[in-house]
Amino acid sequence: MCKQTSWLSVTVLGCALGLFPSVGSAAPSSGDAEPWLFLPWDDTVGRVLGNEADSEGPKSFAIKPDGGVLLLDQVNLRILDLDADGELVRDIDLPAATFDDVEQYDGWAVLALDRLAAQTLLVMDPVGTPLAEVGLPGRGIDRSGLVTAMLPRSDGIWLEVGHRYSVKVLDRHLQPCTRQIVMGRPVERGHSLHGALNGQGGVTLRRTLRNDRSATGGVTLTGQAPVRRIVWLDEDVDGTVYAVLNEAVFSPTTPYRVEQERYRMVILNEGLQELARLESPWVLTRYDQRVEVRVGPDRRLWQMAFTGDGVHLLRWDWRAP
Amino acid sequence: MRRLGVVGAVLAALCASTPSHAAPPEEPPEAIVCRGTSAEGFSYEWGGECWCGNGCAPDLTSCSPGVCTPNAGSTGCPDCTHTGTYGADCSGFVSKAWQVPDPHATDACDVARYVASSFTAEHSYWNVVPMNALEPADAVASSTHVILVIDYEDPFGEHEVVEAKGCIYGIVRQSRTFSASYSGARRVSLSSCVCSDGDDETEICGDCGTRQRTCESNCLWSPWSPCDGPDPTGAAAVCTPDGGEGQCATGQQLCVAGWLTCQAAEATTEVCDGVDNDCDGVVDNGTPESLGEGYPCTNSCGAGVTECIEGAVACVTPDGGICDTTTPDAGVDGGGGAGGSAFGGCNCRTPGGPGSLPLVGFIMVLAWLAWRRRSTLG
Chain A
1 MCKQTSWLSV TVLGCALGLF PSVGSAAPSS GDAEPWLFLP WDDTVGRVLG NEADSEGPKS
61 FAIKPDGGVL LLDQVNLRIL DLDADGELVR DIDLPAATFD DVEQYDGWAV LALDRLAAQT
121 LLVMDPVGTP LAEVGLPGRG IDRSGLVTAM LPRSDGIWLE VGHRYSVKVL DRHLQPCTRQ
181 IVMGRPVERG HSLHGALNGQ GGVTLRRTLR NDRSATGGVT LTGQAPVRRI VWLDEDVDGT
241 VYAVLNEAVF SPTTPYRVEQ ERYRMVILNE GLQELARLES PWVLTRYDQR VEVRVGPDRR
301 LWQMAFTGDG VHLLRWDWRA P
Chain B
1 MRRLGVVGAV LAALCASTPS HAAPPEEPPE AIVCRGTSAE GFSYEWGGEC WCGNGCAPDL
61 TSCSPGVCTP NAGSTGCPDC THTGTYGADC SGFVSKAWQV PDPHATDACD VARYVASSFT
121 AEHSYWNVVP MNALEPADAV ASSTHVILVI DYEDPFGEHE VVEAKGCIYG IVRQSRTFSA
181 SYSGARRVSL SSCVCSDGDD ETEICGDCGT RQRTCESNCL WSPWSPCDGP DPTGAAAVCT
241 PDGGEGQCAT GQQLCVAGWL TCQAAEATTE VCDGVDNDCD GVVDNGTPES LGEGYPCTNS
301 CGAGVTECIE GAVACVTPDG GICDTTTPDA GVDGGGGAGG SAFGGCNCRT PGGPGSLPLV
361 GFIMVLAWLA WRRRSTLG
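In the order they appear, the protein sequences are chains A and B.
Sequential numbering of the first sequence, starting at 1, is according to our numbering.
Sequential numbering of the second sequence, starting at 1, is according to our numbering.
It is possible that part of the hints are untrue.
Chain A stretches covered by chain B per the calculated footprint, using a threshold of three residues with CB under 8 Å from any CB of chain B [stated by the list, open to error]:
1) 101-114
2) 138-149
3) 195-205
4) 225-232
These aren't lab readings, by the way, just hints derived from the structure by calculation.
The C-beta atom is built at its ideal place from N, Cα and C for all residues, glycine as well.
Next up, chain A with everything else stripped away, as it sits in the complex:
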């Protein structure tokens, strides 16, 4: 069992030696993933025994340029700053337990998003000193609860609304700015990614210049089962596109339970030609979370998954033979 006995003791080696993830009956095979870190509930991270709506596992995580991870442990009023070996560098204090997304900006700022209570985006330096705070409601954002992604880009910080369009709320100096709006998810070099379920069990993807209404085309992605949800859509520094799709088969009879599901990870070039496909057995569990997948600066896909025992961080290298 890949389980810790002391606070944040590194489990990387044990996991890499194949001991992972035999953690509880609910842990699926790690498949092609490289297990990176495992943190047990309660004594190290989160609070799984809540009595209210959701469990209080980490809602989000982010990959730092140095290969380390920021893990949003909001119920314990902190962000765990982990180095590339999974060692705890520091706790970054949070003022409330209602943050539900975390990101980093160019290695010099930490961003924490509170969509539902304070409805603000908090900007801190790497050790947690507050630098700025911006309210979410305003032009482009009627309801902060409808923010569906936080997207740090070289030209500033964008918040996606309803998976339809994105609003730039901070400029490249992380100062509030006149809000710009683009359809889809802005990526670098003046482009945007657009993804949508096509109503026929597949997904339509497009990559266009920002707000280019004349753009046509795109690709349709399908899986081995109907796609229920687009889990994540992003692009890396080289323009490689990553789409993570939740495939699910429902029972045709009441109560229509999910009979099988998985995540299909599709990697495409900037012309949206497929380069690779991966399959993750790790899916959203009853321990709800907001951000499950990130594209790292190392061009790997990182996944945060929960089991009854704790929090798993895994990474996927689509270029591996």
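Model the placement of chain B on the given structure of chain A, informed by the hints.
Below, chain B alone, put in the same frame as chain A:
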């Protein structure tokens, strides 16, 4: 909710054992959605089920929301304290929004309600529905929590919902997804016809454009279309984007998703035109290839190489003379792109500063002359 509050448990037991409840009122799904959205901003109260609404909006003035505070050492209910009259927990909220087991005004407190797990099984007041066919006014429930869906799925497959999320959150409206531990439920007695075939409705969006919906053949409204509208024209179309440099400092006002936005001109490859095409704050600082520099050329002063000078490509001879009656030789496209060209006119002059002939260009001229000589001899 993982456990029932005492009050909730008693009331739930009453609900389950009392057969004399009235059937839910016949009403359209919009009525349930309205009732649900009117709870946004009220507090989470363990065992509670009341709030005040004004149409589809919460009335936080007439009825002050309560305050839920986790007790010392606790992070939430039931180890919490609630002050104030109004508030609801997850199942109290959905029970009231659905008007089950009995219809009551939203501000009626201490009335019968169900618990979250009740909504996961078939019931005379609701039917279980597949999670991939959710509609507005459906509920989504697990053994511990229940949520009201208020819109069709978005492009990624998430839904807008209202839920009593917890002590520190209160009742919130948000976009979210559901794990396989949730199942869907649809209340009975929904009006089967809420509009007339062919009807349509239009709403104004943020600060430009509109959205529409039409009444479909089943006499139910279609989902709202995305907000869209025409872009401003004329003087209203010109804008100055924040922080833009070079050609990105000018923009066009667009109507995007119902909001006016200043779309900066796109950064492009730097060419020789006196404009900061790549928006890095420096004019004409591209590569020799993009600027059209270093190509052999001839002019009335003799043979030279092209160079970008003051926003135009000029032919510069080895002695430093520029003559803009220049004949580009093979491979010279007049400036490497959309930039201006200095080819034309005839005034030999001596450039200074940036006009000085680069060594590489001079070498290329010599190489070209040697090649030409060999070609001629051959």
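Hints, one by one, checked against the model:
1. 101-114: violated (count 0)
2. 138-149: Holds, because 8 residues of the stretch 138-149 of chain A bring their Cβ atoms closer than 8 Å to Cβ atoms of chain B.
3. 195-205: holds (count 3)
4. 225-232: Answer holds; 5 residues pass the 8 Å Cβ test.
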